[in-house]
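S.K.: For reference, the chains in residue letters:
2 protein chains.
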Amino acid sequence: MMDKITMPVLMVDEDKCQRNIRNMVQKAENAGVDFRPHFKTHQSLTIGRWFREKGVYKIAVSSFSMATRFAKDGWKDIMVAFPVNLREMSALNQLAGEIKLGILLSDPGVLPTLKTGLMHKTDFYIKLDVGNHRSGFIPDDLDGIKSLLDQAKNNPLLKFRGFVAHAGHTYQTRSLNEVHKIFREGSGRLEYVKNTFAAEYPDAIVSWGDTPTCSLMDEFETLDEIRPGNFVFYDLMQYHLASCDWDQIAMVLAAPVVSRQNARKEVVVYSGAVHLSKDYLELDGPVFGEVVRLTEKQWERFPEPVYVNRLSQEHGILKCPDEYFDTIMPGDLLGIIPVHSCLTADAVQKYYNLKTGEFFQ
Amino acid sequence: MMDKITMPVLMVDEDKCQRNIRNMVQKAENAGVDFRPHFKTHQSLTIGRWFREKGVYKIAVSSFSMATRFAKDGWKDIMVAFPVNLREMSALNQLAGEIKLGILLSDPGVLPTLKTGLMHKTDFYIKLDVGNHRSGFIPDDLDGIKSLLDQAKNNPLLKFRGFVAHAGHTYQTRSLNEVHKIFREGSGRLEYVKNTFAAEYPDAIVSWGDTPTCSLMDEFETLDEIRPGNFVFYDLMQYHLASCDWDQIAMVLAAPVVSRQNARKEVVVYSGAVHLSKDYLELDGPVFGEVVRLTEKQWERFPEPVYVNRLSQEHGILKCPDEYFDTIMPGDLLGIIPVHSCLTADAVQKYYNLKTGEFFQ
Numbered sequence: 078m079m080d081k082i083t084m085p086v087l088m089v090d091e092d093k094c095q096r097n098i099r100n101m102v103q104k105a106e107n108a109g110v111d112f113r114p115h116f117k118t119h120q121s122l123t124i125g126r127w128f129r130e131k132g133v134y135k136i137a138v139s140s141f142s143m144a145t146r147f148a149k150d151g152w153k154d155i156m157v158a159f160p161v162n163l164r165e166m167s168a169l170n171q172l173a174g175e176i177k178l179g180i181l182l183s184d185p186g187v188l189p190t191l192k193t194g195l196m197h198k199t200d201f202y203i204k205l206d207v208g209n210h211r212s213g214f215i216p217d218d219l220d221g222i223k224s225l226l227d228q229a230k231n232n233p234l235l236k237f238r239g240f241v242a243h244a245g246h247t248y249q250t251r252s253l254n255e256v257h258k259i260f261r262e263g264s265g266r267l268e269y270v271k272n273t274f275a276a277e278y279p280d281a282i283v284s285w286g287d288t289p290t291c292s293l294m295d296e297f298e299t300l301d302e303i304r305p306g307n308f309v310f311y312d313l314m315q316y317h318l319a320s321c322d323w324d325q326i327a328m329v330l331a332a333p334v335v336s337r338q339n340a341r342k343e344v345v346v347y348s349g350a351v352h353l354s355k356d357y358l359e360l361d362g363p364v365f366g367e368v369v370r371l372t373e374k375q376w377e378r379f380p381e382p383v384y385v386n387r388l389s390q391e392h393g394i395l396k397c398p399d400e401y402f403d404t405i406m407p408g409d410l411l412g413i414i415p416v417h418s419c420l421t422a423d424a425v426q427k428y429y430n431l432k433t434g435e436f437f438q
Numbered sequence: 078m079m080d081k082i083t084m085p086v087l088m089v090d091e092d093k094c095q096r097n098i099r100n101m102v103q104k105a106e107n108a109g110v111d112f113r114p115h116f117k118t119h120q121s122l123t124i125g126r127w128f129r130e131k132g133v134y135k136i137a138v139s140s141f142s143m144a145t146r147f148a149k150d151g152w153k154d155i156m157v158a159f160p161v162n163l164r165e166m167s168a169l170n171q172l173a174g175e176i177k178l179g180i181l182l183s184d185p186g187v188l189p190t191l192k193t194g195l196m197h198k199t200d201f202y203i204k205l206d207v208g209n210h211r212s213g214f215i216p217d218d219l220d221g222i223k224s225l226l227d228q229a230k231n232n233p234l235l236k237f238r239g240f241v242a243h244a245g246h247t248y249q250t251r252s253l254n255e256v257h258k259i260f261r262e263g264s265g266r267l268e269y270v271k272n273t274f275a276a277e278y279p280d281a282i283v284s285w286g287d288t289p290t291c292s293l294m295d296e297f298e299t300l301d302e303i304r305p306g307n308f309v310f311y312d313l314m315q316y317h318l319a320s321c322d323w324d325q326i327a328m329v330l331a332a333p334v335v336s337r338q339n340a341r342k343e344v345v346v347y348s349g350a351v352h353l354s355k356d357y358l359e360l361d362g363p364v365f366g367e368v369v370r371l372t373e374k375q376w377e378r379f380p381e382p383v384y385v386n387r388l389s390q391e392h393g394i395l396k397c398p399d400e401y402f403d404t405i406m407p408g409d410l411l412g413i414i415p416v417h418s419c420l421t422a423d424a425v426q427k428y429y430n431l432k433t434g435e436f437f438q
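First to last, the protein sequences are chains F and H. Taken in order, the first sequence gives residues 78 to 438; the numbers are from my numbering. Taken in order, the second sequence gives residues 78 to 438; the numbers are from my numbering.
Just so you know, the hints here were simulated from the structure itself, not pulled from any lab data. A few of these clues could be false.
One copy or two, either will do: identical chains are not told apart, so a pair holds if it fits within one copy or between any two.
Below 30 Å or equal to it, Euclidean Cα-Cα: the simulated DSSO-like pairs (lysine-lysine) are [as the list claims (entries may be wrong)]:
(1) 342 - 230
(2) 396 - 223
(3) 342 - 192
(4) 81 - 427
(5) 93 - 223
(6) 236 - 131
(7) 258 - 198
(8) 153 - 81
(9) 81 - 198
(10) 236 - 374
(11) 93 - 153
(12) 104 - 153
(13) 149 - 427
(14) 396 - 153
(15) 342 - 236
(16) 374 - 177
(17) 374 - 93
(18) 396 - 192
(19) 223 - 236
(20) 131 - 198
(21) 374 - 198
(22) 342 - 153
(23) 342 - 223
Make a model of the complete structure from these sequences and hints.
M.R.: What follows is the structure, given as structure tokens:
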């Protein structure tokens, strides 16, 4: 059935993917928080519909292009969870005229341009930096936050909706305890900011994104909304963080075998940096993915793990124990569990459903 | 004029790019070797035509998809310089029926499928490993090479054209002397292999690819053909290898400024791992690109270099000295010299010509 796979493509185990979605929907429901999944991971209209079938109607994305694509597919409530790019005012206005659009402010310097350029009512959120140090206000900077809120009042089209944080530093943790600690500290600081402005903005929410926290915690206490994305597929990084079990990983990259180097017992696959990205894990040396054997509609690990050890533009190179090496031929298809499914999905952007044998987007 | 640039796009300085092409054409001519530029770097039909206007008619690419795209644009002599992917036999046959197609063999295990599947005359080259350890035969493995050549004789559609090497390990060098050494050793070994089979294959050529060698050397002695690709743009890695001068770098990524983090004097740009790739240089810490100021149709370095220090999916983060920090506003456009132009070009695939102000592909 896999004969029609000729090039690197993202192979999805639909049952696992649907289960990952179902579990997170259920978890949010049980915890009493809103669920706004981040679609930057899969960027797929089909997988988007799997969410919608489960009652999800609010999403986050990381660019106006993604927002436009999903809006065209019927999504009506989209947060662009990336500091607003003023150069895309035209796309912003187009979207804000059609759907409930949320934008992210992390720098008051954007307000003058929004004042002159914005043409429709737009929700906005303030980005808070809970330790990831990427963008946003430090929660202690109450003056800065107040100043932004006050300036924004001059623009009647801007409606403040709440505070947004992404605890990307959970990706550097080594234990559940550390994730707990990041969550407790971060959510505590968010709560403090929310309470500080509660008199004036009683409906402002606190929204939290990152797959390790959302996977490992069951209660979200003071949060109003969660925004995980990666959980839809998980990946090798999440597995090694213990943020998922092996059986929750729902996507592998199809990798055609093109050459065997007998003297080094290395196999060369057509799956390189342009497919997997150069994100790596340190596991006795850099690892760019774990190689799996494809069965009819599934995949299975080699008894002793086989990793992608080196990458160049289109080449992936894996060292194989002799007993597997001898079973692999050029023209075969292997699977690679990517280190970081978001980057791999963005790079390849073409899916194959292992259950139905159909390509999809 | 740059108002129409709203998102990350590859900005090309056409004059520098045309000069890079002209110089390499001239160098090959002076050295008396054939020139088969590798188009995997730019993958652009327009830039391809810039080569054609200078009399180039043979090219290398790294996939059948690229070969198909360039064949449709009139290219008639294309080597797919990547171990042949047997799963794409249909694309291979289509191309072989239309143009002079060259494929790469680095594993005799592909011959049975080529015997049954190939439908048109196809040139083939044997991949030799001159120290890069990616794919191909070790030059000492004369028995292996002979055995492949003998087996290939059973397929009248396969025509042997020569030996191909890619000295990718020049990218790890630190001096011109080391590049010289890799070239001398590698080309010497190639010559030995060629001579060994010269009685039976007097027309077999030796083809060599890698930008540092082709940039730094002027004489290619025993080679018949050079296949550099990166030189069309160069990049930060080539600059730090001293394989190019600063003024030869012909492409920067346009990066919209989306946020400033005043406390850390950091600027956040919309240009992340999905645009730049995670390739990095170690220059007092990892560097994912050098930031430049855009002038009307050019760019200029900051007096003290500013680097992209951290990356996530769409975010690039750069630390700025105070005096530049205060001049940068959200909505501004910065340029980023990528660490590795091939990966950045593959990821973004959309060009803007700084000279004409036009987008192109």
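S.K.: Determine for every hint whether it applies to the structure shown.
M.R.: Consistency of the hints with the structure:
1. 342 - 230: between (66 Å within a copy, 27 Å between copies)
2. 396 - 223: For residue 396 and residue 223, the Cα distance is within 30 Å only across copies (26 Å; inside one copy 56 Å).
3. 342 - 192: So residue 342 and residue 192 pass the 30 Å test across copies only (25 Å; inside, 63 Å).
4. 81 - 427: The answer is both: 13 Å in one copy and 29 Å across copies each meet 30 Å.
5. 93 - 223: neither (44 Å within a copy, 49 Å between copies)
6. 236 - 131: Within one copy only: 29 Å inside a chain, 57 Å across chains, cut-off 30 Å.
7. 258 - 198: neither (38 Å within a copy, 65 Å between copies)
8. 153 - 81: Answer is between; shortest inter-copy Cα gap is 27 Å, intra-copy 36 Å.
9. 81 - 198: between (47 Å within a copy, 24 Å between copies)
10. 236 - 374: neither (48 Å within a copy, 39 Å between copies)
11. 93 - 153: Intra 27 Å, inter 46 Å, cutoff 30 Å: intra-copy only.
12. 104 - 153: For residue 104 and residue 153, the Cα distance is within 30 Å only inside one copy (23 Å; across copies 58 Å).
13. 149 - 427: The answer is both: 19 Å in one copy and 23 Å across copies each meet 30 Å.
14. 396 - 153: Close neither inside one copy (48 Å) nor across copies (37 Å); limit 30 Å.
15. 342 - 236: between (61 Å within a copy, 29 Å between copies)
16. 374 - 177: Neither, since 39 Å and 39 Å both go past 30 Å.
17. 374 - 93: within (12 Å within a copy, 51 Å between copies)
18. 396 - 192: between (57 Å within a copy, 28 Å between copies)
19. 223 - 236: For residue 223 and residue 236, only the intra-copy Cα distance (15 Å) is at most 30 Å; the inter-copy one is 74 Å.
20. 131 - 198: Within one copy, since 29 Å is at most 30 Å while 54 Å is not.
21. 374 - 198: neither (47 Å within a copy, 37 Å between copies)
22. 342 - 153: neither (53 Å within a copy, 37 Å between copies)
23. 342 - 223: Between copies only: 21 Å across, 62 Å inside.
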